[in-house]
Structure formats: C-alpha cells, structure tokens
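Colleague: Each chain, letter by letter, is given below.
Protein chains: 2
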Amino acid sequence: MRVVSQVSSVRKARTLEHRPVALVPTMGALHAGHISLLQRGRESGGVLWMTLFVNPLQFGANEDLDAYPQPRDRDLQLAADAGVDLVFAPTAANLYPPDFASYVEPTGAARLWEGKGRPGHFRGVATIVTILFLICRPRWAFFGQKDYQQLQVIRRLVRDLHLDIQIVGCPTIREPDGLALSSRNIYLDRRARQSATILQRALQAARMAYQTGVSRGDDLVTTMCETVAKDPAASLEYAAVVEPESLQPMQDADDSARLLIAGHVAGVHLIDNMALVPERLVSCR
Amino acid sequence: MRVVSQVSSVRKARTLEHRPVALVPTMGALHAGHISLLQRGRESGGVLWMTLFVNPLQFGANEDLDAYPQPRDRDLQLAADAGVDLVFAPTAANLYPPDFASYVEPTGAARLWEGKGRPGHFRGVATIVTILFLICRPRWAFFGQKDYQQLQVIRRLVRDLHLDIQIVGCPTIREPDGLALSSRNIYLDRRARQSATILQRALQAARMAYQTGVSRGDDLVTTMCETVAKDPAASLEYAAVVEPESLQPMQDADDSARLLIAGHVAGVHLIDNMALVPERLVSCR
Chain P
1 MRVVSQVSSV RKARTLEHRP VALVPTMGAL HAGHISLLQR GRESGGVLWM TLFVNPLQFG
61 ANEDLDAYPQ PRDRDLQLAA DAGVDLVFAP TAANLYPPDF ASYVEPTGAA RLWEGKGRPG
121 HFRGVATIVT ILFLICRPRW AFFGQKDYQQ LQVIRRLVRD LHLDIQIVGC PTIREPDGLA
181 LSSRNIYLDR RARQSATILQ RALQAARMAY QTGVSRGDDL VTTMCETVAK DPAASLEYAA
241 VVEPESLQPM QDADDSARLL IAGHVAGVHL IDNMALVPER LVSCR
Chain S
1 MRVVSQVSSV RKARTLEHRP VALVPTMGAL HAGHISLLQR GRESGGVLWM TLFVNPLQFG
61 ANEDLDAYPQ PRDRDLQLAA DAGVDLVFAP TAANLYPPDF ASYVEPTGAA RLWEGKGRPG
121 HFRGVATIVT ILFLICRPRW AFFGQKDYQQ LQVIRRLVRD LHLDIQIVGC PTIREPDGLA
181 LSSRNIYLDR RARQSATILQ RALQAARMAY QTGVSRGDDL VTTMCETVAK DPAASLEYAA
241 VVEPESLQPM QDADDSARLL IAGHVAGVHL IDNMALVPER LVSCR
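Going line by line, the protein sequences match chains P and S. Position 220 of the first sequence, counting from 1, maps to 220 under this note's numbering, and the rest follow consecutively. Position 55 of the second sequence, counting from 1, maps to 55 under this note's numbering, and the rest follow consecutively.
For reference, chain P alone in the conformation it holds in the complex (with noise of 0.2 Å):
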C-alpha cells in the first residue's frame, strides 16, 4: 500500500493508474462502517484508493476539530487490512493555500437539517469531496448512509457539476444495540454510550407507527420526539420525516420517506436515519 500526502504525487499515480479507481473519502479514525465501504471498493473490480483528510473546511468554529480523533498508525494498517492500494493523506496546506479562494456551495438540501445547525459545513464538504475527486478522478466513489444528508448533496453536486462518477451509498453500520457507528462515539462515556442509542429508538418507533397506520409526517415526528423525551439525558435537535432527495419535510409520508434524527447526548452530537420502511435487502444501491 502507497501513503502519498503531495497532489502531485496523486496527479501521478492516478495518470500511470490504467485501472478504473474506487476511491473512499475518510477523515480517518477508521471504524467497521469505514471498513465496509472499503469491502466495497475493493469488490468493484478496480483500484482501491481511500483518502485520509480531517477536513478543516467543514468543522465550525466551535466544533471538534482539534480534538477529532486521528490515530493515523491505526488508520494505516487498517487500511492495508482492508486492501487498499493507495492512501492520499494531504495536510490542510497540501489542499488549501493561503489564498484559497474557491468553494463549492450546494443550495437546496444542503440549507436544511444539519445544514441549518452547522453553518458552513455542506459548504466544506462538497469543497473537498470535489477537489478530492478532481485529484483522484475515480469511477466510483462510496459513502455511508449513515450521514444521509452528504450522501445527498454529494449525490447532487456530481450530477450538478457533471462530475463522471458513480457514487455508491452503503448500509449504515450499527452496534449489536442499534448505534451507528461514528468516529465521534469514541467521545461518549459508559452513560452517554448508553442513552445515545435512544436516536436510533426513536426512528424504530416511527417505523412501527407507520406500519400500524400512522403517515402524518407530524404524528410520525411527535413520536420520535416523545421517544427521545423519555431519557433526560438526551436532547433533541430535529427529527424529520422527508422526501428521499430533496430532503423537504412529508406532509404525508409514502414507502419512499426517509427518517432524519440528530440530538445531543452529554453534549456529543450525533446523528442517524432510516428508511421509513425496511429495506428488504440490505445492500449498497
């Protein structure tokens, strides 16, 4: 496995490279739902390259970005476990010099959800997913479901910008008790641990309210709400029943809904989401 950090390395690589690229974008800290997309490259036929940034761009100014995780030794060897052929790991001078000036700013779906609470941060991922893609140009590009939102707005900016990729969404990787796995679980204690899976309750009980014959969207958001309600631990910052692409809240929610959640617990914020009803196969589409 190569560990390159300079553009130009990439550039090279990538003009040598005769394959077709499946390129997974990581801010490290690698957990099983990384390792899953990486599953996932690698079964594409091509070359698998995975991207190791913490992106500054797409961290607000009273976020985490000096205390995410970054245990890049562990990274690496998983990567390599994982199959991986090229790392690019740039620094932020790599990809940002000082008289950067150029972003992508996507609308629409971007403005709502997390994009509301998070001023600046679809701006900072859809910069450097872009910029990681003109770098890299893979064939296809794989991301979890588990942030549904960036999933979208990815998914909007390669069709909006006429980027030739493929991008792959995958299942949502859970705990044995339903918490989907994030790199920032690793900053909830044996408490908070407990209660953060109350997010992933409450989508369950919507999910049950829709198969007993709720579909008001509200009916459907008051019963994520008084699930979150029910552990003083944690608060809620939104739950939304939506359409799947725009993101726009259902006034009357149909198979094709998609369930939004985002709280905090012991000041952590997380988020999860669901299918308002089941996949019944569970695989990448």
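Everything labelled a hint here was simulated from the structure, so no lab data went into it. As the structure is a computational prediction, the values presented were derived from the model and not from experiment. Where is the CB? At the ideal position from N, CA and C, for every residue including glycine. Where hints are given, some of them may not hold.
Examples of chain S residues lying across from chain P (beta carbon under 10 Å, computed) [said to hold, decoys possible]:
#1 Y96
#2 Y103
#3 T107
#4 A109
#5 V153
#6 V158
#7 R159
#8 L163
The list that follows gives simulated cross-link-like pairs (lysine-lysine, DSS-like), each with its CA atoms no further than 30 Å apart [unchecked claim]:
#9 S:K116 <-> S:K230
#10 S:K146 <-> S:K230
#11 S:K12 <-> P:K12
#12 S:K116 <-> P:K116
#13 P:K146 <-> P:K230
#14 P:K116 <-> P:K146
Use these hints to put chain S onto chain P, whose structure you have.
Modeller: Here is chain S on its own, set in the frame of chain P:
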C-alpha cells in the same frame, strides 16, 4: 463542424476524441476578440471546441439577459470559418435542471470590483465554467484579458479545485480608436459609441502619469477619474490600480500593477483594463 446541444452527445464526442481539446467558451455574439481566441486555440495543435451559451446564472435580475444579442446563424458561420471542430450549444434546461443546487462560489478577488456591482455574477461565471470544463475536459481553455477579473477568478478556481486545465489569457482586441471589443458595444448609439472610448483613454492617461513618475495608487486613480469626468455622457463606476492576482488596490504601484475601470455610457455597462506598463510583446501568456 459539428453542433451539439445535449450533454450526452458532448460526453460521447469527448470519449471518442483522443487528441487534446482546446476550448473557447463564449456567450456567442462573436466579434474579432472571440475570433482571436479561436485562432489561438487552433494554434494549440489540439482539436478546437467552442461553447455557445448565454448563461442565465451570471446575469443579475436587472441585467440584459433577455436583450443579450444571439445571432446564432452568424455565430455558427464565424465558428466554422475559424476552424472550430465542435460547437457545444446547450439550452439552459440542458445544464440547469429545476432542482439544480450546486454552485461554484469564488471569494477573494471575485468579491471586488465587478463582484460588488453585480452580486452573483462571478458565482454564475465560476459555476458555468466549471460545468463546461467538466463536460468538455479540455487541456487548454482560452479567455480574453478584456474580462480581466473573470480571467483571474477562473485561474484561481482551476488552481483551487485542481482542475487539470491550462488557462490561457489572450490580449484584448480593440477598435482602431481604442475601444475594447465587447458584444455589448452594439447597444451603443453613435453618440455613446464616441463617448465609450473614454474608459480606454483614462487607462492610457494613468499609464502616461506612471511613466512621468506618478506611482501613488490614489493619484493614478484620480487621473483616471478626472479623464472620465471630462465626458458628461460617461459615468464612472470604479477606477483602480490593483495587484494583478488578488486584485487588491495598490497604495504604491509598481510595474506589475493592473489598471481596472468600469463605467456607464448611455446606460450601457462597459469595462476595460490594461497592464500599468505596456506589454512589450503583445502575445498570449
């Protein structure tokens, strides 16, 4: 010469084309300035592609989108005469679906000068140029120095987003009396046409002042203002002596400086610019 309007047709043509592409993006209403860009493209040794698209995104609400000249047949004849191999002439609907939501937002130099007077203009320019670059995948793209700020914004975004394209800035083509060629010059009646040369004369006056030892930015700006003030038909929007890349005003000008000027003549928005020191060799850089 092929003329195509569908993105899928250009993509297919690009995939089949093994020579490098020299691209000249235009909004049509071709004049000798565009023809000089096409000639320069022709000389690259690649295949010559031109885009012809009046981009609604870069026009403000009160601007001349609907009135913008679109002599389509004449444009296509001129392109064919100039040796263009393929014209990509999409409709707005081809490029901007109703749920289009991803913009390229240039900051820095794009926030100054034209960017102040025309909010959203450079966002529109940066977005369409990026889209055309990603569809056509040229090795070179040719732009006139006439739109100097646009040229610098595009150079910057190509660097920032790591587009693998060489941007070639080509000299402004002028009428015998010095007026910079522009598709908007046709809006000028006979009287206004005479006054329109005032911008160019103001630039020349600043150059002359610099040659005689005036180097304070403010003094050079005053020279330009005073020149424009002599013609009551013209109103100045801005005159500036700027650093050639950042476009920030220079307190003390040196040989690297660029002069920028914009004004209205009989309701028509005109811009012009020159290097403070005449280029010895008028050649494409």
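Colleague: Would you mind marking each hint as holding or not holding in the structure?
Modeller: Cross-check of the supplied hints:
no.	hint	verdict
1	Y96	holds (8 Å)
2	Y103	holds (5 Å)
3	T107	holds (5 Å)
4	A109	holds (7 Å)
5	V153	holds (8 Å)
6	V158	holds (9 Å)
7	R159	holds (8 Å)
8	L163	holds (6 Å)
9	S:K116 <-> S:K230	holds (25 Å)
10	S:K146 <-> S:K230	holds (24 Å)
11	S:K12 <-> P:K12	holds (26 Å)
12	S:K116 <-> P:K116	holds (27 Å)
13	P:K146 <-> P:K230	holds (24 Å)
14	P:K116 <-> P:K146	holds (18 Å)
Of the numbered hints listed earlier, not one is contradicted by the structure.
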